[in-house]
Amino acid sequence: MLKDRFNSAVAYMSSRKDLKLPNPTKLALYADYKLATEGLCTQPRPSLLEFEKSAKWKAWKETGDTYSQELSSTTTTSEETDTAEFNISTKAMIAYIQKVEEGQWGWVFDPSTIADPSSTLAAVLPTGDSDLDELQAYLGVDKEEISAEELLARPYVPHENTQFDPSTMTAAGISTMAMPAEEEGEDALEAAKSGSVEALQKTLSANPELGMTMLHWACDRGSLKKVKLLVETYNVDVNALDDEGSTPLHYACLSGWPELATYLQSLPAVDQSIKDHSGMTAAEYLD
Amino acid sequence: MSGPGKNNNNKNNKEVSRSAGNKPALTAQRFEQELANAPADVQDKLRALLQQLALGAGGAAGAAAVGSGKEPKSMDEHKFWKTQPVVKHDEVVEVDGPIEDDVPLDQVRATPYPLPKEFEWSLVDVENDKEIKELYELLTLNYVEDDDAMFRFDYSAEFLKWALLPPGWKKAWHIGVRVASNKKLVAFISGIPQDVRVHTTVKRMVEINFLCVHKKLRSKRLAPVLIKEVTRRTHLEGIFQAVYTAGVVLPKPMATCRYFHRSLNPKKLVETGFSHLGRNMTMARLIKLNKLDDHTSTPGLRAMEEKDVAAVAALMNKYSAHFNVAPHFQEADVRHWLISRPGVVWGYVVEDPESKEITDFFSFYSLPSTVINNPKHSTLNAAYSFYYAVQTPDEALSKIEEGAEREKARAEGIKGRLTALMQDSLILARQNDFDVFNALNLMDNALFTEDLRFGPGDGYLHFYLYNWRCREISSEKVGLVML
Chain A
1 MLKDRFNSAV AYMSSRKDLK LPNPTKLALY ADYKLATEGL CTQPRPSLLE
51 FEKSAKWKAW KETGDTYSQE LSSTTTTSEE TDTAEFNIST KAMIAYIQKV
101 EEGQWGWVFD PSTIADPSST LAAVLPTGDS DLDELQAYLG VDKEEISAEE
151 LLARPYVPHE NTQFDPSTMT AAGISTMAMP AEEEGEDALE AAKSGSVEAL
201 QKTLSANPEL GMTMLHWACD RGSLKKVKLL VETYNVDVNA LDDEGSTPLH
251 YACLSGWPEL ATYLQSLPAV DQSIKDHSGM TAAEYLD
Chain B
1 MSGPGKNNNN KNNKEVSRSA GNKPALTAQR FEQELANAPA DVQDKLRALL
51 QQLALGAGGA AGAAAVGSGK EPKSMDEHKF WKTQPVVKHD EVVEVDGPIE
101 DDVPLDQVRA TPYPLPKEFE WSLVDVENDK EIKELYELLT LNYVEDDDAM
151 FRFDYSAEFL KWALLPPGWK KAWHIGVRVA SNKKLVAFIS GIPQDVRVHT
201 TVKRMVEINF LCVHKKLRSK RLAPVLIKEV TRRTHLEGIF QAVYTAGVVL
251 PKPMATCRYF HRSLNPKKLV ETGFSHLGRN MTMARLIKLN KLDDHTSTPG
301 LRAMEEKDVA AVAALMNKYS AHFNVAPHFQ EADVRHWLIS RPGVVWGYVV
351 EDPESKEITD FFSFYSLPST VINNPKHSTL NAAYSFYYAV QTPDEALSKI
401 EEGAEREKAR AEGIKGRLTA LMQDSLILAR QNDFDVFNAL NLMDNALFTE
451 DLRFGPGDGY LHFYLYNWRC REISSEKVGL VML
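Keeping their order, the protein sequence lines are chains A and B.
Note that UniProt numbering has the first sequence beginning at 1, numbered continuously upward.
Note that UniProt numbering has the second sequence beginning at 1, numbered continuously upward.
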């Protein structure tokens with residue numbers, strides 16, 4: 001399978017001397033070819049004066065070293081462990097084929113050129129076992145000519161129709177919280193610009209911002225940069241109270257941003273003794 | 001996964017802008033918005049229909065691709081399900097029963113189905129540390145429904161042992177496929193035996209789970225062979241019905257449930273993208289709203305022990321009788337599934353402080369997820385509600401003749417107690433460092449989800465039977481929980 005594809009690609013490339021590929025490409029293909037057919041380079045280094053030989057030797061040697069390293073490295077991420085089980089020759093064949101495919105020099109693999117018909121399940125004759133025949137009739141549709149080894153070595157390409165793939169038949173995916181329903185026009189500015197009259201009225205009467213200042217919001221979401229900007233550049237009121245009597249420091253503590261709380265507590269202007277409507281000081285919310 | 005109820009006009013919403021070029025998704029979202037006003041059961045049915053329509057669209061798009069020589073997968077997979085004894089999408093079941101007759105043992109195919117030649121069958125020895133690790137790696141990296149997920153299930157070896165080695169487990173049903181040349185484990189399917197009652201029929205069935213093919217080898221069509229092979233192996237044991245669940249719509253769900261989530265660590269859930277802050281919601285308020293007491297409130301609540309097994313089995317089977325599909329647990333099943341195992345499952349009972357009788361029980365299990373590409377968090381600890389039972393006012397209920405009235409009285413009779421128990425369950429889950437508590441809207445869960453601040457999820461779970469026609473079951477009549 002892999003070998004057939006490799007041989008076909010090699011045959012094609014040798015028939016296309018007219019391509020005038022740049023030297024680095026030629027050398028890379030040469031290195032993969034040698035590694036695939038002869039393995040790692042064990043020949044002595046040619047004289048430096050023999051430029052072409054020397055460059056070829058270098059490509060063969062260095063590519064081999066790189067591949068060996070990749071194959072033996074155990075520190076790769078778990079995603080890549082798939083590739084760790086192939087030998088140099090397989091890896092080089094796959095690399096060669098990939099280069100030829102990516103180069104788009106017109107190579108197409110024709111599986112019918114392979115003389116062994118038993119290599120496809122579809123060719124198996126009816127067996128009399130109806131279950132098996134049914135399965136084979138179904139599997140016979142498979143025109144996949146790329147071997148499992150090669151597929152595993154390649155980067156993953158998602159399928160388009162995984163939704164009904166029985167491969168995921170029992171998988172349930174991971175449900176996450178559905179998006180909260182958006183209530184139109186709660187932003188007063190937005191409502192004034194593009195919302196309905198009712199929406200604007202709602203924002204004006206109900207005060208949807210809960211009496212929160214920009215500093216409250218910045219403390220809630222935990223951005224030290226924004227808090228510093230508001231406090232140090234725009235001198236906002238650091239003890240502003242929202243509808244529930246909470247200061248920005250209350251928000252920083254309750255939302256669990258200790259670095260924000262520390263910063264606010266370091267400011268002389270911040271009154272740390274303020275209690276919210278539940279009778280709690282900010283520090284009491286800090287876990 | 002696209003969440004329902006999103007506002008398409010919100011320019012700040014990344015999810016929406018990402019799918020803006022995708023017309024079907026947009027339509028689906030609008031549909032979801034319209035749906036939000038419909039009653040819950042209608043919503044679920046329409047959603048299932050919507051997914052089926054999506055399936056049809058995939059088929060049509062596929063048909064256009066036929067001319068290019070490469071037959072599209074969706075058509076093939078559809079073809080596969082057509083050959084299987086499952087209820088068709090357009091079929092309405094009025095009488096329960098088998099689709100195909102039982103196969104006499106001497107007519108069951110004796111040898112495994114042939115695999116494509118690069119592959120070989122290989123049973124996975126779940127008790128062997130090396131092999132369970134291989135399985136764990138296969139599932140962790142490949143057992144996913146969609147590719148751009150933010151989370152990935154992170155099964156532990158202990159979890160898999162618990163899931164795959166219940167009473168009566170069979171090694172022959174832990175079926176692996178390896179690449180012949182390098183012996184890499186690339187596919188798996190499992191079955192475990194379980195007595196299941198569907199409406200009034202109790203059947204020995206096999207629960208099929210963990211069907212997984214290496215994602216780079218999906219084009220090799222191993223899944224149908226795996227399904228055929230596990231079917232053959234269950235036939236060899238004289239079992240002809242199977243039950244399984246999936247997030248996708250296949251022919252044809254007997255029931256469809258929706259996931260609900262209760263935040264235990266709201267800040268982490270927001271930071272990982274699991275949940276979202278609404279426009280006017282503050283983190284501070286979210287944390288306040290989801291705060292739980294430090295201690296449980298039910299007197300006599302304690303961890304379940306070996307000595308409780310008989311009482312819990314009796315309680316469970318009595319409680320399950322209310323549902324239209326439910327497992328029938330023997331004492332051995334209760335011992336396996338419901339007694340706590342560190343890091344895997346937590347089981348609790350309520351022992352009446354005076355009579356010393358076991359009056360209620362509940363349980364939850366752990367299934368963490370890896371958080372993909374998040375600078376701050378790597379793991380999301382999720383607890384899933386498992387089996388439970390509460391006392392029902394049987395005597396009072398037996399006096400009510402009319403069915404609907406009796407149902408109503410039953411719900412009113414158990415709601416308070418169940419809510420208090422599940423509140424304790426949340427507290428215990430929080431104490432055990434879980435970030436979120438998940439429950440489907442099956443069993444009596446709808447009685448407490450709102451009061452206990454569960455929010456609807458974007459995921460659904462469909463329940464299926466293999467070779468059994470079954471009248472459709474509404475979610476609150478499902479009494480079966482599958483891992």
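It should be emphasised that the hints constitute simulated quantities derived from the structure, not laboratory data.
Hints may be right or wrong, so weigh each one.
Claimed, not checked - Only pairs whose alpha carbons sit at most 25 Å apart, straight line, appear in this in silico BS3-like list of lysine-lysine:
hint: 1; chain 1: A; residue 1: K226; chain 2: B; residue 2: K117
hint: 2; chain 1: A; residue 1: K228; chain 2: A; residue 2: K193
hint: 3; chain 1: B; residue 1: K291; chain 2: A; residue 2: K275
hint: 4; chain 1: B; residue 1: K291; chain 2: A; residue 2: K3
hint: 5; chain 1: A; residue 1: K3; chain 2: B; residue 2: K216
hint: 6; chain 1: A; residue 1: K275; chain 2: B; residue 2: K216
hint: 7; chain 1: B; residue 1: K216; chain 2: A; residue 2: K226
hint: 8; chain 1: A; residue 1: K228; chain 2: B; residue 2: K291
hint: 9; chain 1: A; residue 1: K99; chain 2: B; residue 2: K216
hint: 10; chain 1: B; residue 1: K376; chain 2: A; residue 2: K226
hint: 11; chain 1: B; residue 1: K267; chain 2: A; residue 2: K228
(request) Run the structure past the numbered hints and jot down the numbers of the failing ones, going up. (result) Hint check: 1, 2, 4, 6, 7, 8 fail, others pass.
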